[in-house]
Amino acid sequence: MNMYKKSSVIISMLCIGLTAMSQTGKSNAVKHHVVMEITSNDTLTWKGLMNNIDHIKETWGDSVLVEVVAHGPGIDILAKAKTTQQKRIAGFKQMGVLFEACNNSMKAKKLAPGDIVPEAGIVPSGVGEVILKQEQGWSYLKSGF
Amino acid sequence: MNMYKKSSVIISMLCIGLTAMSQTGKSNAVKHHVVMEITSNDTLTWKGLMNNIDHIKETWGDSVLVEVVAHGPGIDILAKAKTTQQKRIAGFKQMGVLFEACNNSMKAKKLAPGDIVPEAGIVPSGVGEVILKQEQGWSYLKSGF
Amino acid sequence: MNMYKKSSVIISMLCIGLTAMSQTGKSNAVKHHVVMEITSNDTLTWKGLMNNIDHIKETWGDSVLVEVVAHGPGIDILAKAKTTQQKRIAGFKQMGVLFEACNNSMKAKKLAPGDIVPEAGIVPSGVGEVILKQEQGWSYLKSGF
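Protein chains in written order, with the working numbering: chain H, 1 to 145; chain S, 146 to 290; chain Z, 291 to 435.
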């Protein structure tokens with residue numbers, strides 16, 4: 001049954017792909033998609049995450065789309081009162097990196113949207129977002145040591 | 146050669162998919178598949194895992210199939226004498242969540258099948274199970290912070 | 291747009307696959323591909339990684355290709371002066387397991403190629419390597435607890 005689901009997705013993608021090719025005649029500039037999950041509130045782990053984004057962007061520039069999903073104790077990296085990384089987050093946002101805060105984690109920590117850094121969006125479920133991105137073919141990186 | 150393997154899989158899936166569509170005419174109720182790997186014996190990590198399953202089931206109900214694979218030090222979450230989570234495991238099992246204990250880890254810790262919570266199955270290799278599920282298109286979540 | 295990229299990849303794979311089938315008439319011996327990411331410098335985590343490789347090779351022998359990518363603090367597992375695992379690394383290398391050191395991490399730690407165990411190759415970016423392998427359909431395992 002999973003096979004059925006997957007083959008339906010693939011057939012749809014083939015159709016969309018063939019249509020897209022006939023319409024544009026060229027390939028898309030974004031060649032790599034990565035979802036990075038951060039669940040730790042350890043500031044060294046946050047620094048490691050930022051270094052990893054640095055290296056990904058150095059390697060692939062605008063041909064990679066990176067989304068960082070923060071949830072659980074990791075929500076703090078996107079909380080104004082807790083983050084040690086706002087400057088780097090702002091810089092990466094300028095370069096097209098996406099940051100998403102988990103609404104479930106925000107509720108658990110009584111964080112309002114105004115308590116989150118302005119560079120970040122909010123997703124209903126952090127863990128759900130990581131799953132959805134993988135379903136869409138994104139590579140997955142779990143942060144931490 | 147990897148390309149060859151993948152294309153064979155895709156061709157098979159297309160054939161199975163087309164057959165399935167002609168037979169059933171509708172899609173499967175399970176739309177999301179997630180394998181969650183737990184290798185930690187830290188009870189806070191276990192609690193975080195349970196919270197994540199909660200949020201996944203809240204979001205997708207019966208349209209998601211979740212399998213938890215416990216191995217290494219994480220085997221303890223499924224050991225009667227060690228787990229702090231049997232009540233939640235039992236509740237999730239009722240909701241269709243699968244729990245699998247790694248037989249390699251059980252042998253290393255001298256755990257017999259009777260030492261494992263009754264809600265869990267046993268797989269020959271925890272790490273092998275996580276690999277197989279990803280090969281079948283399941284999303285992967287590594288537990289821990 | 292991601293859909294477009296994926297469908298192009300799939301169309302290419304179908305063409306290559308059909309060509310390969312007509313040429314070889316049989317499938318490849320390597321059926322499983324796994325990339326294992328190690329970012330920790332904790333020796334217990336290293337031991338757990340080695341145990342996992344053991345179990346994977348026990349299960350699948352030559353039908354699995356394993357690549358270990360070490361970066362961040364995890365680079366030390368491949369540093370002659372730091373590793374506690376050179377004997378097991380050498381044994382796994384004999385069995386076809388690949389070990390790759392991240393050049394970015396080597397530069398950050400002022401490690402020259404001669405400071406790395408001879409069993410390991412060097413990749414420009416460890417995190418990039420893990421992404422590329424997933425794009426090629428490899429299963430992903432994040433090491434650690």
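Simulated from the structure, these hints should not be mistaken for lab results.
As the structure is a computational prediction, the values presented were derived from the model and not from experiment.
Careful, some of the hints might be misleading.
[To be verified] Using 20 Å as the maximum straight-line C-alpha spacing, the simulated SDA-like pairs for lysine to any residue come out as follows:
id	chain 1	residue 1	chain 2	residue 2
1	Z	K399	Z	T333
2	Z	K400	H	N51
3	H	K31	Z	L422
4	Z	K370	Z	L422
5	H	K31	Z	K399
6	S	K238	S	E280
7	H	K110	S	N196
8	H	K109	S	K176
9	S	K176	H	K82
10	H	K82	H	K93
11	S	K202	S	N248
12	H	K107	S	K238
13	S	K255	Z	K370
Each hint tested on the structure:
1. Z:K399 / Z:T333: Answer holds: K399 of chain Z to T333 of chain Z is near 18 Å, not above 20 Å.
2. Z:K400 / H:N51: Answer holds: K400 of chain Z to N51 of chain H is near 16 Å, not above 20 Å.
3. H:K31 / Z:L422: holds, 11 Å
4. Z:K370 / Z:L422: violated, 27 Å
5. H:K31 / Z:K399: Violated, at about 30 Å.
6. S:K238 / S:E280: violated, 24 Å
7. H:K110 / S:N196: Given that 20 Å is the threshold and the Cα spacing comes to 16 Å, the pair holds.
8. H:K109 / S:K176: violated, 30 Å
9. S:K176 / H:K82: violated, 36 Å
10. H:K82 / H:K93: With Cα atoms ~19 Å apart, K82 of chain H and K93 of chain H stay inside 20 Å; holds.
11. S:K202 / S:N248: This hinted pair is violated, its Cα atoms lying about 27 Å apart.
12. H:K107 / S:K238: violated, 26 Å
13. S:K255 / Z:K370: violated, 35 Å
The earlier numbered hints that this structure contradicts are 4, 5, 6, 8, 9, 11, 12, 13.
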